[in-house]
Amino acid sequence: MKRRDFLKSVSGLAAGALAPTAPAIWSPAKADARSETLLIVSEGGPNNLDIHGVGTNVPGYEVSWNCYDRLISHEMKSGPGGVPYYDRDKFKPELAEDFNIGDMSVTFKLRKNAKFHDGAPVTAKDVKWSLDRAVSVGGFPTFQMSAGSLTKPEQFVIVDDHTVRVDFLRKDELTIPDLAVIVPCVVNSELVKKNASEKDPWGLEFTKQQTAGSGAYKVTKWTAGTEVVMERNDDWVSGPLPKIKRVIWRMVPQAGNRRALLERGDADISYELPFKDFQEMKANGKLNVVSLPFSNGIQYIGMNVTKPPFDNPKVRQAMAYAMPYQKIMDAVLFGLANPMFGAAKDKPTEVAWPQPTKYFTDMEKAKALLAEAGYANGFETTISFDLNFAGVNEPLCVLVQESLAQLGIKTTINKVPGANWRTELTKKEMPLFTNVFSGWLDYPEYFFYWCYHGNNSIFNTMSYKSPEMDKLIDGARIAAANGDTAAYDADVKGFVDLAFADIPRIPLYQPFVNVAMQKNISGYEYWFHRRLDYRAMAKG
Amino acid sequence: MLSLIGKRLLFAIPSLIGVVIVTFLLTRALPGDPAAYFAGPAATKEAVDQIRKKLGFDKPLIEQFVRYTGDLAHGDLGTSLTTGQPVAAELRNRLPASAELTLLGLVVSIVIAIPLGVLAATRPGSWIDHLCRVTTTAGVSLPVFFTGLVLVYVFYFRLGWAPAPLGRLDVFYSAPPTVTGFYLIDTLIARDFEAFRSALSQLILPAVTLAIFSLAPIARMTRASMLAVLASDFVRTARASGLSPGKVIVTYAFRNAMLPVITTLSMVFSFLLGANVLVEKVFAWPGIGSYAVEALIASDFAPVQGFVLTMAVMYVLLNLLIDILYGVIDPRVRLEG
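Chains A and B, in that order, give the protein sequences.
FYI, in the working numbering the residues of the first sequence are 628 to 1167.
FYI, in the working numbering the residues of the second sequence are 3 to 339.
The following block holds chain B by itself, in its conformation from the complex (with noise of 0.2 Å):
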């Protein structure tokens, strides 16, 4: 197990090194001018230059570059200009906030879907078959911040459930001491179950966003990997050897349908933290999705870069996670790592 995680990252590291390279190049070949977006309303071509200069934004590329890595490698990201803050700093605290709501989104789609495919895998046809294909099909065509902004507008504005769509707690809180930076464990560790509630009932809305449209790709995978299972010879033998249905379904035919289910997941969860970039809009979270784009609209590079290496890493580790988690649902995948 040890030798195919290290094997692993040995090969993210070329990828890693492209990723720095691509990043760099495509940010440089962005369209607009920083300096002149950052020299001001009335600035003239020599303040310009002025701040150019400053930015060193006047050097050659290959000078930009290195001067990048060289930074890179002591872990500094450089200094977001729209913002005014180092990059590493920002991704740090912005990222906790993503990761909690796209987890939450994720855990609350996988306690749906999953059940919503198997059952209808086991009854095909049925109404709850039917039940799955419809909301699964809603889900899917509603974009992400259109059901976001229904659900502000349904729930807060109109019935008045949800709290004010103002980030991750209600203004007149404060944020818990950082442990894990995910709110809801450490408002927990501070023992604050005020502020856990509040920070609760703000993640509901944009988690449930996430929710709905993630619904469809799991709940689909799982019912055509079930029927796919349910139709094989060894469901047919347990059958035939008189195991009760919840068995076979459960202990049996389950889970092996779950490697399919298992790469849907990974899938899923990259592009939720692709959808998230709108729902961090929408509810005025404090993601690294908002600020990536912010960043990006202001020609803003250093923010752009850290956001990308960043995320760069986190396939990797990802894809080490479900790969590991094969092995462990499937001994074959071990035997042959």
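Chain A with its partners taken away, still in its complex shape (with noise of 0.2 Å):
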């Protein structure tokens, strides 16, 4: 009798543990609706569906960047191998009909027929009233509109119920790139003001669970760590309608299953394979592979230059004429990246980043610098790199300490946990270490800003100051804004010699964004933050 008694207990425990949650949303169509749908199949998935929200992660990038419109977007232009990649220079308009650049301001004269996903018309104030939370929320993407001098929300003004202008702060080449990025995304401010409180003004809580956009598709199943489905929204205007009805992105942690599953013609695309798996899917021919460079992106080995031995420049040249260049595109990248080393001796600099240097592995060369350095015996030192990628970052760091050994340099390698990367980077404190910069701004000027100002931003890894250096960056951004052609190319082309000659991080090579699909999978497009756009793909 006590025992069945404890049973009850146990049950009711167990029961009132279990709480109900709602009935799925979606009901399955199932064996027909498998042509309409897109399976994608990736490690990582979203952990907030806004990307204004608080540590929004990439993954999250690709539910706003469908979900949401912007103002403007950016034309698509054949890229290497004749995939659709984004044209930097050309914007067309999305949730705009019509735009007026102005000398200083911008006038967007809005769709007069665009909806938010509520049936609520799009209107000058939800645009207003996103940008001003995209310039306040803080974090990420206030930082990411200050990169366009973007700060303040006096500069977002309603001129009617359709027209927005955007004034200006300063001249800046960037203003305007920088509102068809991610970030500048127009939100349905009605609905969320309805569910904001006073702790939480701009209502992150609530779009942080459910899409409150006007874009192309809406998340209407949202399983963190599992799964997120998105439905087309059939009234949407901004572009022509998307072929793809449904979209079901399923989180499979394990890269050998992942490749299994496009193999086995079960899953449509998969990004984030090993580049050995890349590599073998593009040779068997099953599936097509899409292979593009990241763009304004370099992975690099850099030196802390404020500390012995890396703070004299023949040490850090003869560490760049060191570096197994060759062996790690093929054993480590199985060529799958752009070489950005070796360029012929006589090559001019060109007005272009990232570019090759005119460094190569010459150990002898390697030698004679660092005995002129007088460290003919080397020395002993730590090369660092981030869990999260070991991947690549693992063996390339192995090939490097075996190079290094041949130059009596005796190298520990530092494995970094993912969580503690950012960390170890802000304190500027490891000597030698391997990391990947890519700006989605592809401009010059703005990668090295970032990555060689002396104002040391977080991506001056190396803590890299030169007056001289500073003076190029500054007078290439004014150039650009002013137009000045002659002034802006002679200060882009010095800035990347100097970079080269103070060698204070050595460019290895330019990666790949690579992504596997089914052959009947079309109209894949190249963005600058490099996740799926969805709305031009279609299938059979």
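Simulated from the structure, these hints should not be mistaken for lab results.
Remember, predicted model here, so these are calculated numbers, not experimental data.
Errors might be hidden in some of the hints.
Claimed, not checked - The list that follows gives simulated cross-link-like pairs (lysine-lysine, PhoX-like), each with its CA atoms no further than 20 Å apart:
| id | chain 1 | residue 1 | chain 2 | residue 2 |
| --- | --- | --- | --- | --- |
| 1 | A | Lys826 | A | Lys934 |
| 2 | A | Lys1037 | A | Lys934 |
| 3 | A | Lys954 | A | Lys992 |
| 4 | A | Lys941 | A | Lys909 |
| 5 | A | Lys992 | A | Lys941 |
| 6 | B | Lys55 | A | Lys826 |
| 7 | B | Lys56 | A | Lys826 |
| 8 | B | Lys61 | A | Lys826 |
| 9 | A | Lys736 | A | Lys752 |
With the hints in hand, could you dock these two chains into one complex?
Encoded structure:
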């Protein structure tokens, strides 16, 4: 009897703990749904559906990009291998049907028939509120807005119900491009305000869980860490109606399983696979594998120039001659990257970034340079890398370690857990490390401003400071804003040359973004954010 | 019996308090700065500080702890930063997934291991004894993620018998309305037999993976304990009295041999929950193990604390259950209790 009582109480407990959740809102029409559904598998999923949220991760950007509209977007051009690649210099209206760039402001005319997912019309009020939100919430979105000199709510002016003006704070070539990145998305202000609270005036808690935009897709189900289901918004007017009706995005942590799912034809698209897998899939030809260079991105070896031995330019040059460049390309990347080394001796510097250095592997030269610097017998140092990207970083560092050993440099490898990596970078104490930097805005001076400027941003991981460099970078920014091409070209060439001569960081290669998909999937486009744009995709 | 349960529960309180304090301190001692991690790839120092303030990590440790225990008293385990969801809700949604998998794995394991152990004990040195030895050694020496990957490779990728390792249900089925959280039961309640079949076929490979891993201790313990019991006086007496071998083994020997096996089962269950982490990773299973590991990698405090606390509570309940089972199997334990 007692036993039965106990069992009863246990099952009562269990029932209490497992409170019923809402029934599934998505009812499938199984077999025929398949042809209109895109099944994506990737390692990680979003942690927040709103890019304005606190700590929204990169997969979250993909949701925002597809579920919200911006005023303007980029045109496509034909990129490497004929794959559509966003055109840095050409803008097209998205939520705006027309825009007019003046001397110190830009005016947007909104589409009159545009509606949010709940049916409310998109008005100038919503646009202003959204842009105000982006420059006010703090953290990453506000920071990204400021990169285009968009910092104050006063800059966004409602002209009439369907017209918005953005006033420039100063002349800045990056203001217009910055309005086409993911952050300045237009949010349904009435709906969000209704769900905001005093503690959370911008309604971030609400938009974290659901999309409140006017974009081509809306999230209908999101189980964090497991799956995201998005349905097409059939009333979308900011572009041609997308062909894919539903997107199911599943998180599959195991890379081998993602590959198996692709090869068995169960999944449509995947990225974040090891390079070796991409290489093999490319070779066996069963799937479409697209490999495109990161725009404005470089993987590099950085050296802390504030401490010996790397405060000596001779040592840094010796390091640049000691890198096993080709081995890294072959054994680590399986050829899936653009080399950023070994340019011909007489090749003139270009007004472009990234571009290859003239360094190549030459151990004799490296030895001679080290001897000149007074380190004929080498030294001891530590090379650090981010464990989140161990697939590339670990073999790369082992190769560097082997190569440096030939110069008598004893290198210890320090593996930094992903959560700790940013903290370590901010401290700026690691003597030697490898990392990637890639800028959303594809301009050389943008890259150099973050990575080489003496204002010492977090990405100037080498703590490199040079008044001459600062003058060139600032000069290029001013020249670009004033449209002075000659001065701009001279300054860009100048800072590239200086960066290669002083070599505080050694460029290794321009990484590729690799995407594998079934043969019947078309319409993949490369975007600066390197995530998928479902709107152009089609199946079958 | 009730006083026994009450006493056991009282003993559990200090250990739970200890768990709360230790997990709080341990997660704070983890390397890494969650604020820097969540500030994103292009954050300035000010942005990181802003986020730290928002998350309350700028306050002294004591104040954070008081706030944490206060929330805990209200059943609020905090919010995960990586998934953006309340920890309590996520654990509630994910626990049934892990429990269903672990229990099924354990059942498969028991169904194979106990008969195997009993047979091996009654015929020591025979082929079945060797079979028992070989399977258990092989099972315990293969790491779970490896077994899992091999099973996926053979039965999904090569043969195509198993469904895609995509979690608890095929992508094109919707989950049944939640009653117990166990899909096998919920689909039957909803009379959705197609979804039941899908849920079952998704469960087979991960459950077998867990079963292979846990065969060894159960089979070995059953064999050893049966051998000891079979050599004891009362079995000799029973045999001498002319009872049939079946009756001697099943009624007298087996029941007496069960006690150590039950103890082993509870241990196996607890380390299966641990092994689950890897199996969940391989099969994209939305359970609590993979949840906790992902949180740990991101220095996400709240889920880690919530996970450890949940596990601690589960162990307490499990131990209680085992103690009660002892009483059921062996009346002597009941008298002493």
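Hint by hint, here is what the structure shows:
1. A:Lys826 x A:Lys934: Outside the cut-off at roughly 46 Å; violated.
2. A:Lys1037 x A:Lys934: Status holds; Cα separation ~17 Å.
3. A:Lys954 x A:Lys992: 18 Å, holds
4. A:Lys941 x A:Lys909: Cα-Cα ~42 Å, so violated.
5. A:Lys992 x A:Lys941: Between lysine 992 of chain A and lysine 941 of chain A the Cα gap is close to 11 Å, so the pair holds against 20 Å.
6. B:Lys55 x A:Lys826: Satisfied, since the Cα-Cα distance of roughly 14 Å is no more than 20 Å.
7. B:Lys56 x A:Lys826: 11 Å, holds
8. B:Lys61 x A:Lys826: Distance ~18 Å between lysine 61 of chain B and lysine 826 of chain A Cα, so the pair holds.
9. A:Lys736 x A:Lys752: Between lysine 736 of chain A and lysine 752 of chain A the Cα gap is close to 13 Å, so the pair holds against 20 Å.
In terms of the numbered hints stated before, the structure departs from hints 1 and 4, listed from lowest to highest.
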